[in-house]
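Asks: Following the hints, position chain B against chain A.
Top to bottom, those sequences are chains A and B. Numbered by our numbering, the letters in the first sequence go through residues 1 to 446 in order. Numbered by our numbering, the letters in the second sequence go through residues 1 to 446 in order.
Incorrect hints may appear among the rest.
The list makes no distinction among identical chains, and a pair is therefore deemed to hold if it is satisfied within one copy or across any two copies.
To be verified - Below, in silico cross-link-like pairs of lysine to aspartate or glutamate (EDC-like), each with a Cα-Cα straight-line distance of 16 Å or less:
#1 K11 with E55
#2 K147 with E231
#3 K350 with E394
#4 K123 with D364
#5 K350 with D364
#6 K365 with D347
#7 K416 with E439
#8 K48 with D152
#9 K352 with E369
#10 K365 with D380
#11 K416 with E396
Simulated from the structure, these hints should not be mistaken for laboratory data.
Number of protein chains: 2
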Amino acid sequence: MTETITMADAKAIIENQIEELARRNKEPEWMTKIRYKALEAFERAPHKDPVISEEQLLHFIAKPEVKGLPDHIESLDDLPPEMKALLDRLGISEVEQKYIAGLAVQTDTGVIYNQFLQDWAKKGLIVLPTEEAVRKYPDIVKQHFLKLFRADESKLTAYHTAVWNGGIFLYVKEGLKVPFPLHLFFLIQESALAQAPHIIIIAERNTEFHLIEGCTAPILLKHSLHLDMTEAYFHEGAKAQLTVLQNWPEYVHTRPMTRAKVGRGARFINTTVTLGSGKSNIGDPHYWVEEGGHVELNGIILGQKDFYVDLGGRMFLQGPGASGINASKAVIMDESTVVTRGIIEADAPKTKGHISCDALLMSDKAVMETYPGLISRVDDAELSHEAAIGKIREEELFYLMSRGLDEEKATQLIVKGFLDPMLKDIPMEFLVEIRKIIELAVSGGM
Amino acid sequence: MTETITMADAKAIIENQIEELARRNKEPEWMTKIRYKALEAFERAPHKDPVISEEQLLHFIAKPEVKGLPDHIESLDDLPPEMKALLDRLGISEVEQKYIAGLAVQTDTGVIYNQFLQDWAKKGLIVLPTEEAVRKYPDIVKQHFLKLFRADESKLTAYHTAVWNGGIFLYVKEGLKVPFPLHLFFLIQESALAQAPHIIIIAERNTEFHLIEGCTAPILLKHSLHLDMTEAYFHEGAKAQLTVLQNWPEYVHTRPMTRAKVGRGARFINTTVTLGSGKSNIGDPHYWVEEGGHVELNGIILGQKDFYVDLGGRMFLQGPGASGINASKAVIMDESTVVTRGIIEADAPKTKGHISCDALLMSDKAVMETYPGLISRVDDAELSHEAAIGKIREEELFYLMSRGLDEEKATQLIVKGFLDPMLKDIPMEFLVEIRKIIELAVSGGM
Numbered sequence: 001m002t003e004t005i006t007m008a009d010a011k012a013i014i015e016n017q018i019e020e021l022a023r024r025n026k027e028p029e030w031m032t033k034i035r036y037k038a039l040e041a042f043e044r045a046p047h048k049d050p051v052i053s054e055e056q057l058l059h060f061i062a063k064p065e066v067k068g069l070p071d072h073i074e075s076l077d078d079l080p081p082e083m084k085a086l087l088d089r090l091g092i093s094e095v096e097q098k099y100i101a102g103l104a105v106q107t108d109t110g111v112i113y114n115q116f117l118q119d120w121a122k123k124g125l126i127v128l129p130t131e132e133a134v135r136k137y138p139d140i141v142k143q144h145f146l147k148l149f150r151a152d153e154s155k156l157t158a159y160h161t162a163v164w165n166g167g168i169f170l171y172v173k174e175g176l177k178v179p180f181p182l183h184l185f186f187l188i189q190e191s192a193l194a195q196a197p198h199i200i201i202i203a204e205r206n207t208e209f210h211l212i213e214g215c216t217a218p219i220l221l222k223h224s225l226h227l228d229m230t231e232a233y234f235h236e237g238a239k240a241q242l243t244v245l246q247n248w249p250e251y252v253h254t255r256p257m258t259r260a261k262v263g264r265g266a267r268f269i270n271t272t273v274t275l276g277s278g279k280s281n282i283g284d285p286h287y288w289v290e291e292g293g294h295v296e297l298n299g300i301i302l303g304q305k306d307f308y309v310d311l312g313g314r315m316f317l318q319g320p321g322a323s324g325i326n327a328s329k330a331v332i333m334d335e336s337t338v339v340t341r342g343i344i345e346a347d348a349p350k351t352k353g354h355i356s357c358d359a360l361l362m363s364d365k366a367v368m369e370t371y372p373g374l375i376s377r378v379d380d381a382e383l384s385h386e387a388a389i390g391k392i393r394e395e396e397l398f399y400l401m402s403r404g405l406d407e408e409k410a411t412q413l414i415v416k417g418f419l420d421p422m423l424k425d426i427p428m429e430f431l432v433e434i435r436k437i438i439e440l441a442v443s444g445g446m
Numbered sequence: 001m002t003e004t005i006t007m008a009d010a011k012a013i014i015e016n017q018i019e020e021l022a023r024r025n026k027e028p029e030w031m032t033k034i035r036y037k038a039l040e041a042f043e044r045a046p047h048k049d050p051v052i053s054e055e056q057l058l059h060f061i062a063k064p065e066v067k068g069l070p071d072h073i074e075s076l077d078d079l080p081p082e083m084k085a086l087l088d089r090l091g092i093s094e095v096e097q098k099y100i101a102g103l104a105v106q107t108d109t110g111v112i113y114n115q116f117l118q119d120w121a122k123k124g125l126i127v128l129p130t131e132e133a134v135r136k137y138p139d140i141v142k143q144h145f146l147k148l149f150r151a152d153e154s155k156l157t158a159y160h161t162a163v164w165n166g167g168i169f170l171y172v173k174e175g176l177k178v179p180f181p182l183h184l185f186f187l188i189q190e191s192a193l194a195q196a197p198h199i200i201i202i203a204e205r206n207t208e209f210h211l212i213e214g215c216t217a218p219i220l221l222k223h224s225l226h227l228d229m230t231e232a233y234f235h236e237g238a239k240a241q242l243t244v245l246q247n248w249p250e251y252v253h254t255r256p257m258t259r260a261k262v263g264r265g266a267r268f269i270n271t272t273v274t275l276g277s278g279k280s281n282i283g284d285p286h287y288w289v290e291e292g293g294h295v296e297l298n299g300i301i302l303g304q305k306d307f308y309v310d311l312g313g314r315m316f317l318q319g320p321g322a323s324g325i326n327a328s329k330a331v332i333m334d335e336s337t338v339v340t341r342g343i344i345e346a347d348a349p350k351t352k353g354h355i356s357c358d359a360l361l362m363s364d365k366a367v368m369e370t371y372p373g374l375i376s377r378v379d380d381a382e383l384s385h386e387a388a389i390g391k392i393r394e395e396e397l398f399y400l401m402s403r404g405l406d407e408e409k410a411t412q413l414i415v416k417g418f419l420d421p422m423l424k425d426i427p428m429e430f431l432v433e434i435r436k437i438i439e440l441a442v443s444g445g446m
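Chain A with its partners taken away, still in its complex shape (with noise of 0.2 Å):
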């Protein structure tokens, strides 16, 4: 950082920032007046992050956006040659080829999706870069925008709201039922570019889906912030999945903001992977689950070199008989810490909740804390949690390696039946890929 960023400059590009995504999303006003009140709320609203300081942060802000991907991306041969690379390396172009149908692209500054979706549009599955949903839908994305977070509750918000950019509309028709899993792809090209997309999630009732993200970005050369904010609404009876894989880059900050309503009899369960070479990644989903509703967050966490995790979670049980998992196994080496701090509350009767979290420590220098927290105001609920945090059983090694395996395979295994519980709910065939990520990882090959 070799410049000092004012407050003042910050504004002046947050603002300038506002008028061209105006002009070039032809964004209908009401939408870039949020972004004005956001800007507003910007200087006043608390900066909580542990990690960025302010000025840091206005140093994300002031870095000019600077386009690096085509413009147009049909298939994934379309790719520049490191991302293809990457993704050949992780299997992901093959089972693309074989299972996964709907694919969609974000790029620094857009969405990038292709033609088969558009047949599915007919059916009631909307797949929108979230600027053309607020041309095409205002009154649905009126109605969904910015209605679970409040644009001052903090610098980060504010600044998202200000300035998002990209993000995925998805809207899922009443009844419908999705049998392909829909990918989508994060990219970052540009050093200290603050990627902010908007996720809105709309499943009508009884639906079901299954979407999958990938996040990755190899072409980066500075620091670099990722500040994307999900919105999602679960009608009765939806059944929904979200299976998010985050493989940044060790310079890149992820701020996942991440809000969901799940109504009554809905189920939700969200699996994320989040691999171990970025700079930072601090999150803290909230889910409001109504009567009878059930709400899974589990989170697979490989800490490497200085990476930072810290992952929360609130589960506001609400509804009578509504149920919540937030569960996370981490496995950490070098000097990379791992936070984890869930919270259910529950406020209705019958209702049930259960946090686990378990760490393998793989280096001396690693650093495991997790903070659960309970909080039952009824007499009813079910409460629940359990920790541990422990290295790999010497015994369980030389066992393995008794039977003929050297010890980074035996570690490769042990890891694997650490985690594998975790990934009961990914299908199959992308099970592969996330599994030969975990192996790379653990033997340093990622």
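Replies: Chain B alone, transformed into the frame defined by chain A:
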């Protein structure tokens, strides 16, 4: 609260108290200096209490101290009749006669203790009012007084340090094993009186003893604040047990401040039974545990009425092989709130820590919150936690009632079964007392 007390008022009052204490205790100058330094710190020290506001604290300070107890209590028969009646109801005097040889009674302003202990002094067991220890053993007290706390940590530590009065100085000479449990009772007689006993425990190498503290204050009219501070030093190989029975009346705020050093191979077991008729009870004991040392913090809480209990407990496992257990069981009735937030930090290899928290919610207005924390900074610590919040299972209740028990008896039996595992280290004789108290509490008889 009818009058407004200013900071200047409070400071003037504290200054008067310091002067009176110094004169009454014939205090050496070095101790009075510590008091004045704490008074200086009082104004600027942060006030962190989540229940008592700064205004309330000033009010507690402003209320003058009034004596009520007889000056000398040679046996339990000398206690005021109300006090005696409660002890009888608990069966304590019976137990006393049979099993308990060591007895010290802390009244509002001093310690009155019995002849018996004076004989043990020759063997190296020193039990003295802390004021007397200050005069008799100034070198030992200087080395241990306010060494585990800083006066300016908070308004409460500053206030305590300025006006501490009463408390026990317990010194156990190297190698001495005390064969009988030492009893210590606190009585508060006057309303709005902040009682601030200072307890110093020094267990030299290879000592063994069991200290039992019974806290009760039956003759209160108004709010009161009990602000004790305990500094304990358990040297190499010492085996110490502290059993605390807290039975405060419903107007008392208690702020136990406890810190202990647990030396190489030393073992400290602290079992606290907190009954549910206080106003609030907030404590966060700290334990520093050296190589091979072991500390156990067992908490039993019976929350009644609007009792607010907030129990922390920080264990710093600093030496290889150090271990700690922080276990609590809470039975929460009425509109009581119980919060637990134990933390274990592992900073040395081969350390082990476990936090557990179980709660039975007996009312739909009862609230339980638990926030355990585990921090591991080494790769071969084993840390774990578990918690379960729920209610008495109806099947269990129905089963017992089908066997001929009425609901009250069945509930008592289930609560007893729930709490009993926590009482494993309490001598059988004393257990009788505690069980009786729990039974009375659950059936609404306290």
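Asks: Next, verify each hint and record whether it holds.
Replies: Hints, verified against the model:
no.	hint	in the structure
1	K11 with E55	within (13 Å within a copy, 41 Å between copies)
2	K147 with E231	within (8 Å within a copy, 52 Å between copies)
3	K350 with E394	between (42 Å within a copy, 13 Å between copies)
4	K123 with D364	neither (54 Å within a copy, 47 Å between copies)
5	K350 with D364	between (43 Å within a copy, 12 Å between copies)
6	K365 with D347	between (40 Å within a copy, 11 Å between copies)
7	K416 with E439	within (8 Å within a copy, 50 Å between copies)
8	K48 with D152	within (12 Å within a copy, 27 Å between copies)
9	K352 with E369	between (24 Å within a copy, 15 Å between copies)
10	K365 with D380	between (42 Å within a copy, 11 Å between copies)
11	K416 with E396	within (13 Å within a copy, 40 Å between copies)
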